[in-house]
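Residue numbers (the working numbering), protein chains in the order written: chain A, 1 to 417; chain B, 1001 to 1476.
One or more hints might be untrue.
Computed footprint of chain A on chain B, listed as stretches where at least three residues anywhere in the stretch have a Cβ under 8 Å from a Cβ of chain A [claimed, not checked]:
1. 1037-1045
2. 1296-1303
3. 1335-1347
4. 1355-1364
Since the hints were derived computationally from the structure, they do not count as laboratory data.
Even for Gly, the Cβ is constructed at its ideal location relative to N, Cα and C.
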Amino acid sequence: MLTSSQAICSYDYRRRIVVPDRLCRGTHDHYLRPAQRLLNLYRHGAGRIRQELHQRVESILESTGDCPPRRIAAFCKLLDDAGVFHHDARAARKLRTAFFTLGASLHPIVIQQESVFETRLGDARRRAEQTLGMTWEEIENKLFSDVIEMQRLKQFELQLDASSLLSLYNLAQAQATLYRATHIRVIARRDFKTILRHAKLARLMHSIERHEDHDGVYYQFDFDGAASTLRETWRYGVRFAAMLAKLVACRDWTLQAYIHGPKSQRFLFELSAADRLRSPLAPPDDYDSTLEQQIEGAWRANPVEGWTLERESELLHVNQSVLTPDFVLVRAVDRRKFFVEVVGFWTPEYFQEKSRRLRLWTQPTPQNPDPLRFILIVPETSLKRHSLAELGLQLPVLPVGKTLDPHAMIRLAMTIP
Amino acid sequence: MQLDFHDGTLRLRGVTAKFVERACANLPLVSDPRDDCYRCDAMEYSRVCRCLDRHLGQPWDNLVPQVTQVHLHPKASRNLRDDQRQAIAAFWNAAGRGIIVMPTGTGKTVVAIEIMLQAQTSTLVVVPVRDLMYQWHARILATWGVDAGLIGDGVHRVSPISVTTYESATIHMPRIGNRFQLVIFDEVHHLAGSWRSDAARMCAAPMRLGLTATLPADPQHVSTLEQLLGSIVYQQSITEAAGRSLAPYKIRRIAVAMDPAQQERYRRLGQVVQHFVRGRQEVDPRFRWDEIYKLTARTTSEPGVAAAATTALRAFRMKKRLEERAAGKFAVLEKLLREHAADRVLVFVGSNAMARDLSLRFFAPCLLSHCGKRERADLLDGFADGRYKVLIANQVLDEGVDLPEVKVAIVLGGMASSRQAVQRLGRILRRSASGQQAILYEIVTDKSGEVARSRARRRHDAFQKPARRDLPDADQ
Chain A
1 MLTSSQAICS YDYRRRIVVP DRLCRGTHDH YLRPAQRLLN LYRHGAGRIR QELHQRVESI
61 LESTGDCPPR RIAAFCKLLD DAGVFHHDAR AARKLRTAFF TLGASLHPIV IQQESVFETR
121 LGDARRRAEQ TLGMTWEEIE NKLFSDVIEM QRLKQFELQL DASSLLSLYN LAQAQATLYR
181 ATHIRVIARR DFKTILRHAK LARLMHSIER HEDHDGVYYQ FDFDGAASTL RETWRYGVRF
241 AAMLAKLVAC RDWTLQAYIH GPKSQRFLFE LSAADRLRSP LAPPDDYDST LEQQIEGAWR
301 ANPVEGWTLE RESELLHVNQ SVLTPDFVLV RAVDRRKFFV EVVGFWTPEY FQEKSRRLRL
361 WTQPTPQNPD PLRFILIVPE TSLKRHSLAE LGLQLPVLPV GKTLDPHAMI RLAMTIP
Chain B
1001 MQLDFHDGTL RLRGVTAKFV ERACANLPLV SDPRDDCYRC DAMEYSRVCR CLDRHLGQPW
1061 DNLVPQVTQV HLHPKASRNL RDDQRQAIAA FWNAAGRGII VMPTGTGKTV VAIEIMLQAQ
1121 TSTLVVVPVR DLMYQWHARI LATWGVDAGL IGDGVHRVSP ISVTTYESAT IHMPRIGNRF
1181 QLVIFDEVHH LAGSWRSDAA RMCAAPMRLG LTATLPADPQ HVSTLEQLLG SIVYQQSITE
1241 AAGRSLAPYK IRRIAVAMDP AQQERYRRLG QVVQHFVRGR QEVDPRFRWD EIYKLTARTT
1301 SEPGVAAAAT TALRAFRMKK RLEERAAGKF AVLEKLLREH AADRVLVFVG SNAMARDLSL
1361 RFFAPCLLSH CGKRERADLL DGFADGRYKV LIANQVLDEG VDLPEVKVAI VLGGMASSRQ
1421 AVQRLGRILR RSASGQQAIL YEIVTDKSGE VARSRARRRH DAFQKPARRD LPDADQ
């Protein structure tokens, strides 16, 4: 990700919106050739020092005629991040110690010697060459070779074309705009589970609302952090930015971010899947496990009349705990729902967490006197090795072998009052 | 009823809205429906506890403190000066909350160490730079034999006595803010910004101390610090301390000229900047230079403005480079190093590149951010024990880091702010047994922005009074 000093966005004070810098097809086609030159520069730049590479980046981008300094700095950062730089800190430190120890014995080092207690600069350099066993030019090159701007490029592994580099830049600027965000709202029609999982990974707090319109069910997620209730704070901005990289890889979403702008004014930043930002991260997997895929495949091949099987269509949430049941069985006649959870892994941590979360919706509480109807689907192979008693829950279980009979699932669901 | 620490806040559960309204009206508790609780900043911990103890009338679960008892036994006897004793007494009289303002070199660290000893509790020390973090670590080890935890510079080792940087404290306080009973913010003026102040807001420590030599100039910032830590309980100015607890000092300003070619280039670059600024001020009379970045980015909406702004920005940067690297500066530095060949000399510069160039020219070590812990310690020890006569630094040594018995400092660049200037002056003001006078040389490029900045600094009393006393020495 970029630093704030590399971020570019424009604030529209009239409409109270903020727009991050973006290099677009058409308007910025003249960046494609320089972008390719930048990639070539780094791909063939092994051995060059970072400072020199940055100077070259600057001169390449200046050829576009409209590249502001921050955009240049941003490209430098993105390219640097994909490179590996050589820095032998120990060797440089050793050289410096020897050099400065020698210098201390020659102090003061002057251009014109006025007393015997002084050392002429030329003599001092000769002594350094003799003592350190290298030429003055080598000393100059190596003395600070571990300093960031003096480090040499070792390799560059970014497998991108010019257009993808510009996409990477666009995403990075959108992320940087979120550094000053105090709160974000995501409306999603798909990939809820991935969105929430990545919000959790980014240690964000959420509020969730379920809505329905003519296109179906959608969820509104409001993300911020613990201190957000107390004051307007952008301390979670970097977390929003980290989450954005994955959100961009999801489908069918819109984002609204509230940005703390200049003079403490509030601006809106809007983005959606339709904006077609590209993420270097992979899109969400279609299935968490092959078993889920098998279950859906079996249902499609042999559906049960009067019932529908929906995949990850509901989010259950209590305060900051969320569960996305793998499937929801819906009986058409009365719209009654039976939640289906696949229990595939058997690590103690997985069990503990699964048990804690299932308990929230399957045990009666003062707030929720009517527990939800759940059934568990468990591979037979796992049941041979482990006992479901480890879960500590009294839920109907359907063991599954190589094939699954959807009717068996319905029969089990019907045992629940 | 349960109170716990959550991500730098306090979470109160199991109380009714009526109770909060009635009993906690003076607390900034906010209802948080996201988590079915009431919430406030962790820094309110003492007040919340007092309130619950007073009004609840039944035991409650306090899950906040995760502290470990510590026992600190000093290895040697402590001799405190009267002013240090007064500062400590003032802190405890304010219930262990407050800010102590003492000039650099008057022993703020000694005051903090004594407070830690008297508190005998888990303590987090927060400092601005990693050098100071290691220095505090070494000081704690030398004083009590305790290997304090370190949080920062790639290390995350939390112990009952720990030292961290402001940056790391701001990032990690949501997770460690309930593990200390006493928090000490050294060079507390770094805390006033809205991002960094979270380091104090998210810390539940009931005892809170701020130390500084230079309070922020903005009264709003001072007020923020007082909200976070408590009021200013003790204050001593640099002029009060000079000659008493600080060394007497003088400041010499030396103006150096650019060579004619540099001067001409500087003039032309200045014209580019002025032309641009005047043009913008015609469009918007409130235009300020720091808005330049926004203008450079208007490549789509106002390509002409963006191009002119980019040109002006480049000219401005080039101007600064010329100011910093005026041909005469190297010659004057050589003259001063020759004059003070027997003294330890600290050289302050304005950029890392200049520091490296001087280092190569004078074969003198430079202490910059690239130096690792071992190298920094070696350079500082070598400078302290006289192995190195000259030490070059950019901002690393501006404040906090102890440099005993340095009586000569030469400033070649930086010092844009009065605070930085006073802090740099403070580096050379530790009073020695010999009572030797300290000298700060300020080398400025003539006919440049550096002269104006130097004039502005003279408005600070630390720079005015000695200059008046030693007027013949100052090249005005």
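Checked hints:
1. 1037-1045: holds (count 3)
2. 1296-1303: Since 7 is at least three, the answer is holds.
3. 1335-1347: holds (count 3)
4. 1355-1364: holds (count 7)
Violated hints are absent here; each numbered hint is respected by the structure.
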